[in-house]
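Residue numbers (my numbering), protein chains in the order written: chain A, 57 to 400; chain B, 57 to 400; chain C, 57 to 400; chain D, 57 to 400.
Each hint should be verified, as a subset may be incorrect.
Identical copies look the same in the list; a pair holds intra-copy or inter-copy alike.
Calculated pairs, DSS-like style, for lysine-lysine (alpha carbon to alpha carbon, straight line, at most 25 Å) [what the hints assert, rightly or not]: (1) K148 - K254; (2) K376 - K215; (3) K72 - K374; (4) K235 - K72; (5) K374 - K211; (6) K376 - K72; (7) K387 - K215; (8) K235 - K272; (9) K129 - K272; (10) K387 - K152; (11) K374 - K387; (12) K374 - K254; (13) K374 - K129; (14) K152 - K254; (15) K177 - K215.
Hints listed in this document are in silico derivations from the structure and should not be mistaken for laboratory results.
Number of protein chains: 4
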Amino acid sequence: MIIVMRLQATPDEVQKVEQEIESIGLRPFINPGVERKVIAVLGEVDVHKADLAEHFSMMAGVERVELISQLWKLTSRSYHPEDTIVDVAGVKIGGKQLTITAGPCSVENEQQTLEVAEAVKSAGAHLFRGGAFKPRTSPYSFQGLGEEGLKILAKAREKTGLPIITEVMDTHEVELVAKYADILQVGTRNMQNYALLKKVGATGQPVLLKRGLGSKVRDLLMSAEYIMAEGNNKVILCERGITTFEDSCRNTTDINAIPVLKNWTHLPVMVDPSHATGDWRYVGPIALAAVAAGADGLLIEVHNDPSRALSDGPQSLKPKRFAELMGQISKIAEVVNRQCGTGS
Amino acid sequence: MIIVMRLQATPDEVQKVEQEIESIGLRPFINPGVERKVIAVLGEVDVHKADLAEHFSMMAGVERVELISQLWKLTSRSYHPEDTIVDVAGVKIGGKQLTITAGPCSVENEQQTLEVAEAVKSAGAHLFRGGAFKPRTSPYSFQGLGEEGLKILAKAREKTGLPIITEVMDTHEVELVAKYADILQVGTRNMQNYALLKKVGATGQPVLLKRGLGSKVRDLLMSAEYIMAEGNNKVILCERGITTFEDSCRNTTDINAIPVLKNWTHLPVMVDPSHATGDWRYVGPIALAAVAAGADGLLIEVHNDPSRALSDGPQSLKPKRFAELMGQISKIAEVVNRQCGTGS
Amino acid sequence: MIIVMRLQATPDEVQKVEQEIESIGLRPFINPGVERKVIAVLGEVDVHKADLAEHFSMMAGVERVELISQLWKLTSRSYHPEDTIVDVAGVKIGGKQLTITAGPCSVENEQQTLEVAEAVKSAGAHLFRGGAFKPRTSPYSFQGLGEEGLKILAKAREKTGLPIITEVMDTHEVELVAKYADILQVGTRNMQNYALLKKVGATGQPVLLKRGLGSKVRDLLMSAEYIMAEGNNKVILCERGITTFEDSCRNTTDINAIPVLKNWTHLPVMVDPSHATGDWRYVGPIALAAVAAGADGLLIEVHNDPSRALSDGPQSLKPKRFAELMGQISKIAEVVNRQCGTGS
Amino acid sequence: MIIVMRLQATPDEVQKVEQEIESIGLRPFINPGVERKVIAVLGEVDVHKADLAEHFSMMAGVERVELISQLWKLTSRSYHPEDTIVDVAGVKIGGKQLTITAGPCSVENEQQTLEVAEAVKSAGAHLFRGGAFKPRTSPYSFQGLGEEGLKILAKAREKTGLPIITEVMDTHEVELVAKYADILQVGTRNMQNYALLKKVGATGQPVLLKRGLGSKVRDLLMSAEYIMAEGNNKVILCERGITTFEDSCRNTTDINAIPVLKNWTHLPVMVDPSHATGDWRYVGPIALAAVAAGADGLLIEVHNDPSRALSDGPQSLKPKRFAELMGQISKIAEVVNRQCGTGS
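In isolation and in its complexed conformation, chain A is listed as follows (with noise of 0.2 Å):
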């Protein structure tokens, strides 16, 4: 930690800033700079040193604080150099392997979800998606099926062999939902809903945990370190697209995160351009646009009619341009060094 004090700070400001250094067991040295005192603290500073730059940051005579390392810590790659790889029913996430999850935004009925399946299993999925709890921003929109639809996509788990990763938007739900999932995901809108977190975290199943429309890298890597401190290790990240000024598109790919985020954690990072883009015109380029920046797999929403679709439509493709598309990835995967084969 080091502070930073005003131009015009005294030398009593600067005496009791190193008081208070010393007075809670660690060291000040002072920096004698030209331009203004800056004094580093030296020693041990843990977890809690964002509480302590706040108390420093008060202090009379003190500018700003500035952190040497960042605030997350297990889900750091500085402190965990190898990629952390998530097994979900065999299906290996964050390694060589190229991770594509497709299926419905919604479970609909049980024939448009089974006939979704078959679809992108033969097409080359590994995992299958679809929402049973769905989060609407309006109230009047179909809010998902619930149970009827958990046990749906466990139908669909049963005929195909894919896990399934459904959503989960409640405390209240962890349980249920955890009781037909192979990865519980918590969506954008919940990626600061810390009882949730904390609870899934308990569970000790994989999560996938998608990014907030308006969170930064850094906070989303905060909120997986909330899952990791209840002991569970398997979380999986997910870039969604961000909120920004452009409105071509519902959001805007944050294509930077994957890099930066495979730079700064072990965790593997997927990749949801159907919610990314909000447009099925734009899925194909920037599913490719992301394995190619490093993605480790890939979500996306195949609908058998989206016209049809309860919920998402314009952002579905229809099973035979996923297939197409499938085929595209996996000739880009092979450039990055990646697999996407389905390892049979």
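Once you have looked at the hints, place chains B, C and D on chain A.
Frame of chain A; chains B, C and D shown alone:
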């Protein structure tokens, strides 16, 4: 609803859209524009129109669908022209009275809480705020005292007579918090935690809903709609800063949102300059600006010893500075035809 | 300057950084932190420090370089603690007086211009604004009357005595505009047109510099630094809205920028609520908010027939509404210890 | 154009809007919606429609005006369905060929420039880039060699045969830069410097137009429209990162903008991953992503000694790393059906 066809749409595509409109009991009307075909959808399009718009936007030949009126209804001023006034144990929010809420970010212990409560009461505050359950970005930061904190808040109410407002972060805790609080606060990170919105809506108690960091004004209204759809019209909206590229303050106070919200909705609008700036030096100017722009009230963090605060010290005012600010607030209130007295 | 080394930096890498620091005549000091090596650079690091920081950030083993003080100098309050007051033909901007500039977006013809000028003068405005050269997003929109417009502005000044402010868009036109204008306006789209900044700086005339839509407060100060580096300290800054994800108004007024700028710089700060909102219904509330937050003045668009205006009609006030607003502005000014009389 | 009336609009207000439509030679058609009155404007609404829309939006009883088609025309794919291919001394931009531009941020001296030019040529680049006039945020940073730099660039072209692209920052310098450059670059800070756009348009030479940091895709097209309105259709668009709340990279690469632009316009689209990330470690992944998403070319900064670069060292690749990247780029190009050979 207006359906704009592509420049290259075929007569067959136009006809199919017309048939689809009729099939759901509405009437199509083609505006014979020179540039391109535009189809108006006549008839009662209800609150499900967002889903309908998605549906049509997927049809062949359609470029885009424009909704004519907004998606919110219960929160809309069009349907409820008069200002809603929320009555909290006799304190009125949303009328001629300007309502000031003040208190520490976190409830830390009884002595601190009671001291601050007395101080803000004597400076003229109408409501007392303090966090018992704290949403913190880092899992290692102080998370609040929980029920112990609620009990201390209740004591502060007993001593000062000020109704209390405190945050609830999880559906599991709604019942508990509702037992102590006069106003339930839904924080910025939970603005789209729909399970929580429904649950606080169902209590029938006043709810203060903070805008999400990355949420548009229209999304805030949709979240309020969730609460009102439960039959609870005691909703107070709160602007508390949004996330933008500007980094000189923690967030950017969206001052424009105040007159926009007053125009679009009948619900009261409060502003939290402490979180919106993150810096006590800027709290005063932004508080005054919010009142001048037409806010119905303010939430201001006050702490008797900010540098010892367990959370958000840097943005807290000392009681003396708060009292001075109250003087200026009262005068600005008068200019914009509001009152800020305690009514006694 | 503080150089933070990577956790894995080798002793050799650290040594090379130290040698490089010495080779440019400065002294390295290693802060023996527990977490990682941090090297302070001691000695006079001047305005070229940005280039130096880039240089060190490229060296092996370096994680990042933190600058201790800001990059701006002439504009900084640290080096010039007293407020700068810009005198424009007797009208003072930046002192106790609040300065109101009003007028139409574009100069359209002599009659309209003189009418509006008389109206704003009698309502108490101190300066008259109007565009002769108009930056329009579309090449097909009205581009302004050019020199003819400047002549009309000069007539308005003659009739009313109000000094005039008008935009200059190109280095070729600086001389021409400077012949007529009392204040040269550099528009939001040209905030980083450095050739133009240098040229208006060299005139020695007062310059109003509008913040770019996508520019941080610190970038605005760097652009002001370009003008001041030409020996011209008559610079007035202007907040006019930034581009964010919120789309309920044309732009988001960054109200926080007012106290931040007043803290960081000695230059006067004006606000343009007309462009910042793009909607006449919101101009009044935001104008009052800006004054309450500490702005030194306002730019307000006034048109005698907004629906016939050749540009920006939707954000213009009619003279009657402007006169009413001036009454409220004066009262708010008093609360924050400013005067808004015409000084007569 | 569609005019949406307020819910409370009076019959008289509706009639006045209809009369106004007729008075300008167009025909009104009222869509008798249940919710509120919607008036379609029939007839030829030309490029002045933005002004017209503003006019109607000011009339009493009008809520808002929706334009049915976009404001750009010459740049629109609707009016020019085939891809535009810009030919620069035999190098084609916008067709099947992927075009790679590489070189140092600044021209520093002859030796450095020629070394880098030879290196990028032998790695397979098609165009050489380098700045002689440099837009720097700080007036104290290196501002470029000016004409001396242009002469060095011309020598590099002579030696390598690579056409050169370099930035022009001011109307005064257009003639000079056009004498040496094959492509005139308009930088991000000048995207809305309309005087400059007109002047480079008038040269008839190819222009590379970089998107502004705070500019929407639609604003980029309007700026391109300025150049094309001068009769110059040799316009190349360039995405180079936008400003958002995310601060882990210098800017956020708007990867979605690539397929959006390819959909909306016939002009070629290049991407500059060096400026968009500001960090050489991320240039490779983002370059590959851009090609995968459908970009027509790339601009990549290459420097033989980045830590000694006079500008933007941190984002420059060494020649060896650039050559490796070219290998990957070629392979990705093939997957998306493009070629990246030098055509020899």
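Evaluation of the provided hints:
1. Taking the closest pair of Cα atoms, K148 and K254 come within 25 Å of each other only inside a single copy of the chain (24 Å); across copies the shortest separation is 37 Å, beyond that limit.
2. In this assembly of identical chains, the alpha carbons of K376 and K215 lie at most 25 Å apart only when taken from the same copy (20 Å versus 51 Å across copies).
3. Proximity of K72 and K374 under a CA criterion of 25 Å is satisfied inter-copy only: 20 Å between copies versus 67 Å inside one chain copy.
4. Proximity of K235 and K72 under a CA criterion of 25 Å is satisfied in neither setting, with 56 Å inside one chain copy and 44 Å between copies.
5. For a Cα distance limit of 25 Å, the shortest separation of K374 from K211 inside one copy, 21 Å, qualifies, whereas the shortest one across copies, 54 Å, does not.
6. Taking the closest pair of Cα atoms, K376 and K72 come within 25 Å of each other only across two copies (23 Å); inside a single copy the shortest separation is 70 Å, beyond that limit.
7. Taking the shortest alpha-carbon separations for K387 and K215, neither the intra-copy value of 28 Å nor the inter-copy value of 37 Å comes in at or below 25 Å.
8. Taking the shortest Cα distances, K235 and K272 never come within 25 Å of each other, neither inside one copy (32 Å) nor across copies (35 Å).
9. Taking CA atoms no more than 25 Å apart as the test, K129 paired with K272 passes inside one copy only; the shortest distance there is 17 Å, against 31 Å between copies.
10. Taking the shortest alpha-carbon separations for K387 and K152, both the intra-copy value of 14 Å and the inter-copy value of 19 Å come in at or below 25 Å.
11. For the homomeric pair K374 and K387, the shortest alpha-carbon distance inside one copy (21 Å) is at most 25 Å, but the shortest distance between copies (27 Å) is not.
12. In this homomeric assembly, K374 and K254 never come within 25 Å of each other (Cα to Cα): the closest approach is 36 Å inside a single copy and 34 Å across copies.
13. When the C-alpha separation of K374 and K129 is checked against a cutoff of 25 Å, the pair qualifies neither within a copy, at 42 Å, nor between copies, at 32 Å.
14. With identical chains, the CA atoms of K152 and K254 are never at most 25 Å apart, being 30 Å at best within one copy and 43 Å at best between copies.
15. For a Cα distance limit of 25 Å, the shortest separation of K177 from K215 inside one copy, 10 Å, qualifies, whereas the shortest one across copies, 55 Å, does not.
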